[in-house]
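Enquirer: Here are the chains, one letter per residue:
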Amino acid sequence: MLLEVKDLKKTYTTRFGGNKVQALTGVSFAVSEGEFVAIMGESGSGKTTLLNILASLDRPTGGEVLLSGKPLSGIPDRALSTFRRENLGFVFQDFNLLDNFSIKDNVFLPLVLSDRPYKEMEARFRPLAAKLGITEIRDKFPYEVSGGQKQRAAVARALITGPKLVLADEPTGALDSRSADSLLDLFGQISADGQTILMVTHSVRAASVADRVLFIKDGVVGSELSRAGERPDRFYQRITEARAALETGGDRA
Amino acid sequence: MKKGFYFRLAKSGLRQNRQIVLPYLISSICTVALFYIMYSLSVNSGFAEGMRGGRTLASMLNFGSVVTALFGAIFLFYTNSFLMKRRKKELGLYNILGMGKRQLGKLMLRETLLLAGASLVGGLVLGILVSRALFAVLLNLLHIETAFRFEIPPAALAVTAVLFGAIFLLTLLFNLAQVHLARPIELLHGGEAGEREPKTRLPLAILGVLTLGFAYYLALTLRDPLNSLGIFFIAVLLVIVGTFCLFTAGSIAILKLLRKNKKFYYNKRHFAAVSGMLYRMKQNAAGLALICVLSSAVLVTISTTLALNLGAEDSLHTNYPHALSYSVDGVDDPAALGTQALAAAEAETGLTPRTVQSYRAYNSFVVVRNGEVLNSDTLENPEPGDLFLRLSLLPAEDASFLGDEVPSDGELLLYVSSEEDLPFDALTFGERTLPVAQRHSDAAGETLAGTVVDCYGVLPSLDDCRALFSAVSAEDSLTYTTNLDFSEPDRELFPFSDALQAALRENESGFSFSSRPAAADEFYSLYGGLFFVGILLGFLFLMVTVLIIYYKQVSEGYDDRRRFQIMRKVGMSRREIKSSIHSQILMVFFLPLLAAFLHLAVAFNVIRQLLLLFSMTNTGLYVLCLVGVMLAFALIYTAVYLITARTYYKITSANN
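Protein chains in written order, with my numbering: chain A, 1 to 253; chain B, 1001 to 1656.
Calculated directly from the structure, the hints in this document are not laboratory data.
All figures in this text were calculated on a predicted structure; none of them were measured in a lab.
Warning: the hint list may mix true and false statements.
What the hints assert, rightly or not - If you want the ones that stay clear, here's a sample from chain A, every Cβ over 10 Å from chain B, calculated:
no.	residue
1	G44
2	L66
3	S179
4	G188
5	I190
6	V204
Stated by the list, open to error - Facing chain A, according to a computed beta carbon distance under 10 Å, are these residues of chain B, among others:
no.	residue
7	Y1266
8	F1271
9	A1272
10	M1277
11	R1280
12	N1284
13	R1562
14	Q1565
15	M1567
16	R1568
17	K1569
18	V1570
19	M1572
Here a beta-carbon is modelled for each residue, glycine too, at the ideal position from N, C-alpha and C.
My request is simple: use the sequences and hints to build the entire structure.
Expert: Okay, here's the thing in structure tokens:
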């Protein structure tokens, strides 16, 4: 297993120490190498908390996360950013590109932080840019390109270090439907190339390109669906139904 | 529509945007106050009270207020465009909600009126309060004797109000034009459009290099202190223009070059810093240039006036080597009259000089051209290479104060101060050419104002002196000079000096009289006044510098927060962020200081010559003052940097 999440708990204490809010009450799942997993849930279900913990941006109050069998909790704070840089790639809803860098420099950023030689950066960039269709806009600045192009650049930035795991937080959230579709196709291709992806989303359309969908509700994994070779539109149907069932079922309980 | 609607709308709009309006208001208030203080000082009646050098100083201050106005206008325009960019969205919303461009214009007019009114009133009040406080502190704490008194000149109030009213009007017109030209949807997204990467403006960079180069050339090659004031002003103007061009265009050109260097640029330490600086240089350059110019101004004013003040005693003794000195001429036997007057004064006051040094001499101002001595009165056009001498020809028997050497017949023994070395070994007086033996003596006066060499020519007899003198002068007047020094301190010599002058006045002879005690007052008031103005301006510039630095740091901190948050997500550790911030701030911050130090080093020559005009010849003292002031300034600057860097880091690293 590439990623194992065991009984993950996270409790937030409100500012004055009074109320405790349980964001995650015991999440467990596993992602094998090369798998594309989508995590669905409504706002407030603990999706973002989970992603932050997986991204090592936040520490859990209980449970464990293992990446390639190694626990994240064993990494000292000062090594965390290096760990993040070398093992994880991020794609965010609002792209998070830096205005002051050209598209190419934005993609280079993690490599520069890892002190890689420029030649290697170029060598890695060229095939990736061709695959993601950003070769033409490599010297443009983020404010000069469209949202879809920005998100492709962000994907390139996530992939250029060759991470074990790509974490995507609502990657289609800020895109129009055409750009969203083409981005999702891209995710499908990348996944087919063997990249492990964990995507958090509330869009059924986005989830339907994944191999497996986990539903989070009230801080636990409510249920899960596997595509098992189905076509996305069929899978889409099943996800819609499962979500509806989960939500109405949840209301009753 | 109800009366006052737009006013209320404008007020609430400003209040809601106070996060960006407040810094704008503060900076405009400070600019107004700065200008008012400069201008009111330049018209202070302290200058009118016949202070020597007062006119020069007043014109310097006047020049300073022109520069302040210029920079103030640029600064206000820059902060206004910043404000406007943020406010476009709101205006766009009003536009879409059905407010026409005319109504928007009305709204903006009200807003500008409110801002301008607050800035002017606040600025003038602040200016008056600050100048009141500065006067109180400086006059009372430092016990500087000066003719300056605190006052509120109505002219300064009026000029400030009109000038800044005009500047605000211009910004309003500029904003109106922007809104008028834009479509509503553009307004709505105005604030979000990314700041475009600045273009390399090569002509501007070249202009900067040229102006600064020329200014440096002027400063370094200046030889004639009498013209130095005019050249100094030109050089200062050029330096300001050059600094401005180089900071705006040059910095961008250099950063782009750095970015082209792949090895340098794609490096953890430089990557974020270079691109970050490039990105914000457009907004930054003006502020940095302003800081640089202000820093230079602080350093120049404080160091020179400090040196003058500390060197006042020196200068006094340079100008007045003897406590009392008088010369009698225009009569057949001036020596008799001179001795008589001295005896009368001694009898009246009961004071006896410690040393009395008298000599008969023929005095004249002459010009030496190619070894020939010419009468300076008949000379029309000076030529390059001309040497100006104040030559006293005296007989050997009267020259014991210079030295005991007796010149051989037909030889001129020429005494000059130890710093001079005249470039000739013979002089032609009319038909006669004499070999010259040069000697140094401390009793020979120093070079006056850097151009006229004071020298004494000793000849075997008084007849020889007269013969030589008549060759270069139409007059034939022997002067009897007496220099007196006392054991008593200078300030007790007033009765003696009065008695002596009265005794001299009784005769029909011409006489000249110079008294160090009488001059001391004037000297100390002049130098005290200069020092006062220097410290005042220094404080003012320092305050503005600190304010700009702080404002920049805080406003940029908010801009950079998001960028650093992204970097952290992408895998930059807090430590890396911190070191990147430091390298960035360090470069941005210490650039103006380094440039200011460079300006000062180059200006050294001009300043030294300017100081000569104020009879300040002690270059060592000036260097000491300069280095001291530079060190103190660097310390303050670093302290400001450390404080603001901490604020900046706090802002940028705050979570969300």
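Enquirer: Determine for every hint whether it applies to the structure shown.
Expert: Verification of the hints:
Here G44/A stays apart from chain B, with its beta-carbon at least about 17 Å from theirs, past the 10 Å limit. The claim that L66/A lies off the interface holds: its Cβ sits roughly 20 Å from the closest Cβ of chain B, which is beyond the 10 Å cut-off. Annotated as non-interface, S179/A keeps its C-beta farther than 10 Å from every C-beta of chain B; the closest such distance is 18 Å. Separation of G188/A from chain B is adequate, the least Cβ-Cβ distance of about 24 Å exceeding the 10 Å criterion.
No Cβ of chain B comes within 10 Å of the Cβ of I190/A; the nearest lies about 18 Å off, and the non-interface call holds. The Cβ of V204/A lies farther than 10 Å from every Cβ of chain B, with a closest approach of about 27 Å, so its non-interface assignment holds. The interface hint given for Y1266/B is met, as the beta carbon of that residue sits about 5 Å from the closest beta carbon of chain A, less than 10 Å. The interface hint given for F1271/B holds, since its Cβ lies 5 Å from the closest Cβ of chain A, which is under the 10 Å cut-off.
With 10 Å as the threshold, the beta carbon of A1272/B comes within range of chain A, its nearest partner Cβ sitting at about 8 Å, so the hint holds. A least Cβ separation of about 9 Å between M1277/B and chain A falls short of the 10 Å threshold, and the interface hint therefore holds. Below 10 Å, beta-carbon pairs count as interface contacts, and R1280/B has one with chain A at about 8 Å; its hint therefore holds. Given the 10 Å rule on beta carbons, the hint for N1284/B is violated: about 13 Å separates it from the nearest Cβ of chain A.
The restraint placing R1562/B at the interface with chain A holds, with a minimum CB-CB distance near 9 Å, inside the 10 Å limit. The beta carbon of Q1565/B comes within 8 Å of a beta carbon in chain A, closer than 10 Å, and the hint placing it at the interface holds. Residue-level restraint check for M1567/B holds (minimum Cβ-Cβ distance to chain A is 7 Å; threshold 10 Å). The beta carbon of R1568/B comes within 7 Å of a beta carbon in chain A, closer than 10 Å, and the hint placing it at the interface holds.
Residue-level restraint check for K1569/B holds (minimum Cβ-Cβ distance to chain A is 6 Å; threshold 10 Å). A hinted interface residue such as V1570/B counts as satisfied when its beta carbon comes closer than 10 Å to some beta carbon of chain A; here the least separation is about 6 Å, so the hint holds. For M1572/B, the shortest C-beta to C-beta distance to chain A is roughly 6 Å, which falls under 10 Å, so the interface hint holds.
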